[in-house]
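Peer 1: Sequence:
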Amino acid sequence: MKVLVTGVLGHQGRAVIEHLRSGEFGRHEVYGLASDLSSPRARDLLDRGVHVVEGELHDRDRMRALLEGVDGVFCVTASATDPETETEQGRAVVDAAVDTGVSHVVYSSVSRAKGELPASAQPKFAVEEHVRDAGLPATIVRSPLFMQHFQRLSDDIAAGSLELPLSPETTLPLVDANDIGRAAAAAFADPDQFVGETIDLVGDVLTPPEIAETFSDALGVPVEFASITLGEYRERHGDELADVYEWFEDSASEDVTPDLSAFGLVPQTLAQYLADTDTWRSAPATMK
Numbered sequence: 001m002k003v004l005v006t007g008v009l010g011h012q013g014r015a016v017i018e019h020l021r022s023g024e025f026g027r028h029e030v031y032g033l034a035s036d037l038s039s040p041r042a043r044d045l046l047d048r049g050v051h052v053v054e055g056e057l058h059d060r061d062r063m064r065a066l067l068e069g070v071d072g073v074f075c076v077t078a079s080a081t082d083p084e085t086e087t088e089q090g091r092a093v094v095d096a097a098v099d100t101g102v103s104h105v106v107y108s109s110v111s112r113a114k115g116e117l118p119a120s121a122q123p124k125f126a127v128e129e130h131v132r133d134a135g136l137p138a139t140i141v142r143s144p145l146f147m148q149h150f151q152r153l154s155d156d157i158a159a160g161s162l163e164l165p166l167s168p169e170t171t172l173p174l175v176d177a178n179d180i181g182r183a184a185a186a187a188f189a190d191p192d193q194f195v196g197e198t199i200d201l202v203g204d205v206l207t208p209p210e211i212a213e214t215f216s217d218a219l220g221v222p223v224e225f226a227s228i229t230l231g232e233y234r235e236r237h238g239d240e241l242a243d244v245y246e247w248f249e250d251s252a253s254e255d256v257t258p259d260l261s262a263f264g265l266v267p268q269t270l271a272q273y274l275a276d277t278d279t280w281r282s283a284p285a286t287m288k
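Position 197 of the sequence shown, counted from 1, bears residue number 197 in full-length UniProt numbering, the numbering being contiguous throughout.
Treat the hints as calculated values from the structure; they're not laboratory data. Take these hints with a grain of salt, some might be off.
[What the hints assert, rightly or not] List time: in silico EDC-like cross-link candidates among lysine to aspartate or glutamate, alpha-carbon distance up to 16 Å:
1) Lys-2 to Glu-68
2) Lys-2 to Glu-232
3) Lys-2 to Glu-18
4) Lys-2 to Glu-29
[Unchecked claim] Per label pair, the in silico range of CB-to-CB distance:
5) Gly-23 to His-149: 26 to 36 Å
6) Asp-99 to Arg-27: 19 to 29 Å
7) His-237 to Asp-192: 39 to 49 Å
For every residue, glycine included, the Cβ atom is placed at its ideal position computed from N, Cα and C.
Work out the full structure: start from the sequences and follow the hints.
Peer 2: Next up, the structure:
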């Protein structure tokens, strides 16, 4: 099976490529799409023998050319200042897949894609609708907040403080981006089971104090949760994540992790992710 993976310079795309090339999900001819082949991440993939091609998602002619003869596409759109730009990325890939007869698209969306989403996530919903309207054989994988986002807070966590713009009782659904790669590879390996499915991929659902306790257990140092204002978080980390946290704070969240055993998927918990990730496993001695 020939598969084109978009977003290979980010967490999700790299994870999809690794799982498709692992041999666990069959043999695939894997191509990665990057906007800049000279970037260090693209060069790293090329050095490891990955076929990396250059192009932009919104370039319809380029996408149509790249998808000729392709069997499967993993599509993840890139966040943009203008939501319509991200929506156009996804629509261009979907339309090119229809035009070239792609047999299976796996689209990466966001958990509970519906009208109440923050503006930064609305394009995911629009592309979901376009996938359905196009009648593509597709699998939609929805994900909540990535566990990888905590890496940007690693210095504060090392100092014993987890600062989030949330109340202590708010539940936060989490997923390891690597599990998106596994789910996508599983979908390409078994289209009979996965085509037509929308999968909410959640590895853990924790309150902020429970997240801090998980970091404490993993690192061997006390980590305390501190609730800060949305404005403080926005100033330090930007609008996109601040909007997502505001949505989690204001909307009702699911208190259960979906049972994905029927698909053979068992996403990692936060504790498992920390134990398996170099950033946290190789934490400085002062954090142990």
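Peer 1: Against each hint, give a clear statement of whether it holds in the structure.
Peer 2: We went through each hint and held it up to the structure:
no.	hint	in the structure
1	Lys-2 to Glu-68	10 Å, holds
2	Lys-2 to Glu-232	46 Å, violated
3	Lys-2 to Glu-18	15 Å, holds
4	Lys-2 to Glu-29	5 Å, holds
5	Gly-23 to His-149: 26 to 36 Å	30 Å, holds
6	Asp-99 to Arg-27: 19 to 29 Å	27 Å, holds
7	His-237 to Asp-192: 39 to 49 Å	42 Å, holds
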